[in-house]
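Visitor: Take the sequences, apply the hints, and build the full model.
2 protein chains.
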Amino acid sequence: MSLATRTYVALLHHPVYNREGKVVTTAVTNLDVHDIARSARTYGLGGYFVVTPVELQRDLVSEIVSHWAGPYGDSNLPRRQALALVRVVPSLEAVIERLAADHGRSPLLVATAARAAEGTVGWEGEDMAGLEQDRPVVLLFGTGWGLADQVFEEAHLRLAPIRGRGEYNHLSVRAAVAIALDRLFGR
Amino acid sequence: MSLATRTYVALLHHPVYNREGKVVTTAVTNLDVHDIARSARTYGLGGYFVVTPVELQRDLVSEIVSHWAGPYGDSNLPRRQALALVRVVPSLEAVIERLAADHGRSPLLVATAARAAEGTVGWEGEDMAGLEQDRPVVLLFGTGWGLADQVFEEAHLRLAPIRGRGEYNHLSVRAAVAIALDRLFGR
Chain P
1 MSLATRTYVA LLHHPVYNRE GKVVTTAVTN LDVHDIARSA RTYGLGGYFV
51 VTPVELQRDL VSEIVSHWAG PYGDSNLPRR QALALVRVVP SLEAVIERLA
101 ADHGRSPLLV ATAARAAEGT VGWEGEDMAG LEQDRPVVLL FGTGWGLADQ
151 VFEEAHLRLA PIRGRGEYNH LSVRAAVAIA LDRLFGR
Chain U
1001 MSLATRTYVA LLHHPVYNRE GKVVTTAVTN LDVHDIARSA RTYGLGGYFV
1051 VTPVELQRDL VSEIVSHWAG PYGDSNLPRR QALALVRVVP SLEAVIERLA
1101 ADHGRSPLLV ATAARAAEGT VGWEGEDMAG LEQDRPVVLL FGTGWGLADQ
1151 VFEEAHLRLA PIRGRGEYNH LSVRAAVAIA LDRLFGR
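In order, the protein sequences belong to chains P and U. Each residue of the first sequence is one higher than the one before, starting from 1 at the first, in this note's numbering. Each residue of the second sequence is one higher than the one before, starting from 1001 at the first, in this note's numbering.
Heads up, some of the hints might be wrong.
[Said to hold, decoys possible] Sample of chain P residues at the chain U side, in silico, Cβ under 10 Å: (1) A4; (2) T5; (3) H34; (4) R41; (5) Y43; (6) G44; (7) N76; (8) R174; (9) I179; (10) D182.
[Stated by the list, open to error] Using C-beta positions, here's what the derived DEER-type ranges look like: (11) U/K1022 - P/P90: 41 to 49 Å; (12) U/E1063 - P/R105: 25 to 33 Å; (13) P/A94 - U/D1134: 49 to 57 Å; (14) U/D1134 - P/S62: 49 to 57 Å; (15) U/E1167 - P/R163: 25 to 33 Å; (16) P/H156 - U/E1153: 44 to 52 Å; (17) P/S62 - U/A1069: 38 to 46 Å; (18) P/D59 - U/E1153: 43 to 51 Å; (19) U/D1149 - P/P161: 33 to 41 Å; (20) U/A1069 - P/P161: 26 to 34 Å; (21) P/S106 - U/H1067: 40 to 48 Å; (22) U/S1002 - P/A94: 44 to 52 Å.
Hints listed in this document are in silico derivations from the structure and should not be mistaken for laboratory results. No residue lacks a Cβ here, since even glycine has one placed at the ideal position from N, Cα and C.
Guide: Following this line, the structure appears as structure tokens:
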């Protein structure tokens, strides 16, 4: 099983920071569902988890996915193919449980952040590729102002921040996911 | 002047194709303004042109930019810094005129597309970097189902499509811009 096929994106709406550094739950953004699903499909990923503890928001995402899975999706097959990757779950724990059930072993959790930190791993993917061939991998992305510290504590690896030129590090999460997947799987 | 500093993104809402292959004008999407501005700022670009012939839509984008340039922007400086790169113009010709006036020479037009074609250039940037040091460069991106043929006829270069794994080539334009800038300027 190739690394891409057993790699998943998880977009966390909780626990994440707001601008003041408080742990909050952000609202699901429609375009995050679509854009990240299309990027995940482009790079051949195993799936894309939209993670929110808010039941109404999970229902909303499920409705979007069902909409494109139904007759309407016939009119835009690429959209349907992308959204078929979406799984809607209440927590990171649910992601772990689901992948452990599907793959027979617990996933490797790889956190991402715009902030620099000690002990981050690079973008060549060898830290992930070198692992057992059957272990699923989850790339964790935070909405709002980024993943809360407790997620980094739970994660096995933390990728180095995506840097452009200079100190500015405020990519949208949609852009960050696209760049991350291209760096890991685009060559 | 570095290549990034004299490179600009132009997002064209006309002339582009719709799903049926007809040349149309698409509507400006708020998130295209924000996301692409943030990506352009991250990679140190010279600016970001939002191109639409529809005056009301240009006014809308100008309002968004003014909003963040004003007192409200104090609360989110990274957003203001990104949106300061946005220029709103009616046509590709206006992009060319503006850059010719600013830089003293006409820009190199580099088209992008999801579809493969003959004679495309690669992502190492040498085709652009090898040019005269003062010439501005415009990366042209299409909304809808991509740039119309007349834009490719006018362009000097055409970049190879961004490919992931397999045949799926339906990235969002926001994701495509992010990946393109990272490939050209991210290392």
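Visitor: Give a verdict on every hint.
Guide: Status of the hints after comparison with the structure:
{"no.": "1", "hint": "A4", "result": "holds, 6 Å"}
{"no.": "2", "hint": "T5", "result": "holds, 9 Å"}
{"no.": "3", "hint": "H34", "result": "holds, 7 Å"}
{"no.": "4", "hint": "R41", "result": "holds, 5 Å"}
{"no.": "5", "hint": "Y43", "result": "holds, 4 Å"}
{"no.": "6", "hint": "G44", "result": "holds, 3 Å"}
{"no.": "7", "hint": "N76", "result": "holds, 7 Å"}
{"no.": "8", "hint": "R174", "result": "holds, 6 Å"}
{"no.": "9", "hint": "I179", "result": "holds, 5 Å"}
{"no.": "10", "hint": "D182", "result": "holds, 5 Å"}
{"no.": "11", "hint": "U/K1022 - P/P90: 41 to 49 Å", "result": "holds, 44 Å"}
{"no.": "12", "hint": "U/E1063 - P/R105: 25 to 33 Å", "result": "violated, 52 Å"}
{"no.": "13", "hint": "P/A94 - U/D1134: 49 to 57 Å", "result": "holds, 55 Å"}
{"no.": "14", "hint": "U/D1134 - P/S62: 49 to 57 Å", "result": "holds, 54 Å"}
{"no.": "15", "hint": "U/E1167 - P/R163: 25 to 33 Å", "result": "holds, 32 Å"}
{"no.": "16", "hint": "P/H156 - U/E1153: 44 to 52 Å", "result": "holds, 51 Å"}
{"no.": "17", "hint": "P/S62 - U/A1069: 38 to 46 Å", "result": "holds, 39 Å"}
{"no.": "18", "hint": "P/D59 - U/E1153: 43 to 51 Å", "result": "holds, 48 Å"}
{"no.": "19", "hint": "U/D1149 - P/P161: 33 to 41 Å", "result": "holds, 40 Å"}
{"no.": "20", "hint": "U/A1069 - P/P161: 26 to 34 Å", "result": "holds, 27 Å"}
{"no.": "21", "hint": "P/S106 - U/H1067: 40 to 48 Å", "result": "holds, 46 Å"}
{"no.": "22", "hint": "U/S1002 - P/A94: 44 to 52 Å", "result": "holds, 46 Å"}
Taken one by one, the earlier hints fail for this structure only at number 12.
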